[in-house]
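2 protein chains.
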Amino acid sequence: MGGGVKAHKTGAVQNGAAAYLEKARTFVDQCLEQSLPPETAAPQTLHKAIRYSIFAGGKRLRPALAFAGAEAVGGSWDDAAPVACAVEMIHTYSLIHDDLPAMDDDDLRRGRPTCHKVFGDAIAILAGDGLLTYAFECLASCPRGSAIPAIIKAVAAGSGTQGMVGGQVLDLEGEGKPPTLPGVEAIHRWKTAALITASCEAGALAGGASLKESEIIRNYGQKIGLAFQIVDDILDLTASPETLGKTPGKDVRAQKATYPAVMGLERAKLEAQQLMDAARAELQALGARAQNLEDLARFVVERKN
Amino acid sequence: MGGGVKAHKTGAVQNGAAAYLEKARTFVDQCLEQSLPPETAAPQTLHKAIRYSIFAGGKRLRPALAFAGAEAVGGSWDDAAPVACAVEMIHTYSLIHDDLPAMDDDDLRRGRPTCHKVFGDAIAILAGDGLLTYAFECLASCPRGSAIPAIIKAVAAGSGTQGMVGGQVLDLEGEGKPPTLPGVEAIHRWKTAALITASCEAGALAGGASLKESEIIRNYGQKIGLAFQIVDDILDLTASPETLGKTPGKDVRAQKATYPAVMGLERAKLEAQQLMDAARAELQALGARAQNLEDLARFVVERKN
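So the protein sequences, as listed, match chains A and B. Heads up: the first sequence runs through residues 1 to 305, numbered per the working numbering. Heads up: the second sequence runs through residues 1 to 305, numbered per the working numbering.
Calculated from the structure, these hints are not laboratory results. The structure presented is a predicted model; accordingly, all values stated were derived computationally and were not measured. Any given hint might turn out to be false.
Which copy? The list can't say, so a pair holds if one copy fits it or any two copies do.
[Claimed, not checked] Taking lysine-lysine and the DSS-like style, the derived pairs with C-alpha atoms no more than 25 Å apart in a straight line are: (1) LYS256 / LYS212; (2) LYS256 / LYS23; (3) LYS269 / LYS256; (4) LYS177 / LYS304; (5) LYS304 / LYS212; (6) LYS304 / LYS23; (7) LYS48 / LYS177; (8) LYS212 / LYS269; (9) LYS48 / LYS153; (10) LYS177 / LYS117; (11) LYS212 / LYS153; (12) LYS250 / LYS48; (13) LYS212 / LYS23.
Next up, chain A with everything else stripped away, as it sits in the complex:
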C-alpha cells in the first residue's frame, strides 16, 4: 500500500507500532500470568486448556489499544492493565468457542491444534466460559474504582449479543447466502470492531477519560475496528502463506462475506485507508498523547499479517 517516501514513513511507523506491540505483549503476558490460576490448580485440565489457548502467541493488539487508550487521556499502563487482560481473555474465549465443531469447526489456530482438538469439546466450552468470567473479575480490579461500572458496560456492550456474540450469529446465519455490503459491514462491525472499540474505550475510561475523551476514542475504535477486519479480508486474498502464517484464500473457499467479495480488492483497500485516515483525524483533539493510538491505526491497516 504505497511506495517511495510513503513506504519509508510506513516502515518507521510500523517499527514504532511493532515496538509498542512487543512491549504491550510482554507486559500483558506478565499480568495474565498473575491473573489466571496455575496449571497445577484444580481442575488442572481446565486451567491447562485456558493457558494453552491464551498463551498461544497472539499479536495482543487489543491490550495494546487499551494501554494506548489510557495514555491518550493521561492515564498509565497500570491503570489499564485489568482492561488489557480482560479484552484478551474475551478475544481468546471467542476463538475457543468459534473453533468448536458446532460453530466454525476449525482444527488449527496459529499453527497449533485448537483447544477442543487437544482437550475435548466439553473442556473447550468450559475454558471459554471460565475465561469470560475471569475477564469481568479482572475489570472489577481496575485501580480507578469509580470508572468500573462504565468500563464493564463498554466491554459487555462490545462482547455481548449486540456486539461480538451477535456478530458470530450474523456470520453463521449469513453462510451460503450471497453477501451484500450492508450485511458484511454489520458482521464486521459486530464480530470484530465492537470488541476492538471496547478495548480502546475501556482503556481510556480506566485511564480517567472524560465523557468527551471517551467518545473520541470510541469513534476512533469503531473506525480502526472495521478497518482491521477489512485488512484481514484483503490479506486472506493477497498475502503469501509465509507472511500470513496461515493458508490464505480460506474466505473465498468458504464463500465468506468479505469486503473484497462485495466491492472488489482495490475499493476494499481504499476503504481501509479512508477509515484509517478518519480514525487518525478523530485523535487530533487529544494532542501528542494519542501518538501511540495513531501509530496503531497505521499498523492495523499497513500490517502484512
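We have chain A already, so just place chain B on it with the hints.
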C-alpha cells in the same frame, strides 16, 4: 422429614417461603424482562433462545436468596435487583451449556426441549455466552456503586473455574469412577453451592453489608448451597415423578456421584438437616431482618421438588 407439631411448623414455613419465592419470581421476571433485549432485536434467533431459556419456569431460588440477603443487612429489593437478575442469568447459561451434546447431552429441561434441541448447538453456546455477559453488565448497574467491585468478585468466584464451571469439570471427570464422600462434596460445593453462596453474599453486599455481615451470609450460603444439592440427590431417589416434575432415579442410572450413594439415604437426610440447622445458627447475629433467609433455608431442605 418430620411429622406432628414439626410438620405443622414446616407447613407454615413452607408457605412463608413459598409466598416469598413467588413474590421474588414476579419481581425478578419483571427486571429480567427489562434487562434483556426483546425477541425482535437482531439477532432475533439469539434473543429468542435467551428468552426461551430464561423464562422457562424456574423456582428463582437464587434471586430470592439475593433479595433476602440484602434485606438481612437492611437493604432493599431494588438494591439487590441487578444481583438477582445476574445470578439467574448465570444459572440459566450454565444449564444451557451443561445440556449440550458435548456435555450432559440432555434433550429435556423442565419438561420442554432444551435450548440446543430447539435452536441448534451453535446458538445455544452463543446464548449462554450472551447471558453470562449480560450478567456482569447487570452487576455493573447496582445502585450501591461502591460495592460493585466486591459484588463482581463474589459472583465471579462463585461461577468461575474454581466455582460452578470448575464443578462441572469435576463432575464430568468423575463419571464412571466409584464416588467417594470427599469427591462428591467437592463437586456439590463447586457445581451448585458456590453460585448459591454468591447469590446470598452478593445480595448482601448490594444491600450494604459490612465485612462481618457479608462473612456471616457467605457462611450461611455455603451451608444451604451444599444442603440444596444433597436434597436434590435425595429427591431423585425418593420423590414421585408427579411431585418432582421430572423422571426420578436419573442419578442412579447415570451412576452419578451423590450423597445417598456414598453415605446412604438416611445419613444424607441427616446431613442436609444438620447443614440447615448450622445455616440458621449463622443468622442469629443478624436478628429479625434475617427471617426470610431463615425461611428459605428451611425451604431448601424441606421442599418436595
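Okay, the hints, checked on the actual structure:
For the homomeric pair LYS256 and LYS212, neither the shortest alpha-carbon distance inside one copy (37 Å) nor that between copies (56 Å) is at most 25 Å. With identical chains, the CA atoms of LYS256 and LYS23 are never at most 25 Å apart, being 34 Å at best within one copy and 49 Å at best between copies. Taking the closest pair of Cα atoms, LYS269 and LYS256 come within 25 Å of each other only inside a single copy of the chain (18 Å); across copies the shortest separation is 57 Å, beyond that limit. For the homomeric pair LYS177 and LYS304, neither the shortest alpha-carbon distance inside one copy (29 Å) nor that between copies (51 Å) is at most 25 Å.
In this assembly of identical chains, LYS304 and LYS212 lie within 25 Å of each other by CA distance neither inside one copy nor across copies; the values are 34 Å within and 56 Å between. For a Cα distance limit of 25 Å, the shortest separation of LYS304 from LYS23 inside one copy, 20 Å, qualifies, whereas the shortest one across copies, 59 Å, does not. For the homomeric pair LYS48 and LYS177, the shortest alpha-carbon distance between copies (22 Å) is at most 25 Å, but the shortest distance inside one copy (38 Å) is not. In the homo-oligomer, the alpha carbons of LYS212 and LYS269 never lie at most 25 Å apart, since the shortest distance is 31 Å inside one protomer and 60 Å across protomers.
Taking CA atoms no more than 25 Å apart as the test, LYS48 paired with LYS153 passes between copies only; the shortest distance there is 22 Å, against 30 Å inside one copy. For the homomeric pair LYS177 and LYS117, the shortest alpha-carbon distance between copies (24 Å) is at most 25 Å, but the shortest distance inside one copy (29 Å) is not. Within a single copy, LYS212 and LYS153 get their C-alpha atoms as close as 17 Å, which meets the 25 Å cut-off; across copies the closest is 30 Å, which misses it. In this homomeric assembly, LYS250 and LYS48 never come within 25 Å of each other (Cα to Cα): the closest approach is 29 Å inside a single copy and 32 Å across copies.
Taking the shortest alpha-carbon separations for LYS212 and LYS23, neither the intra-copy value of 28 Å nor the inter-copy value of 43 Å comes in at or below 25 Å.
Violated hints, listed in ascending order, are 1, 2, 4, 5, 8, 12, 13; each of the other numbered hints is respected by the structure.
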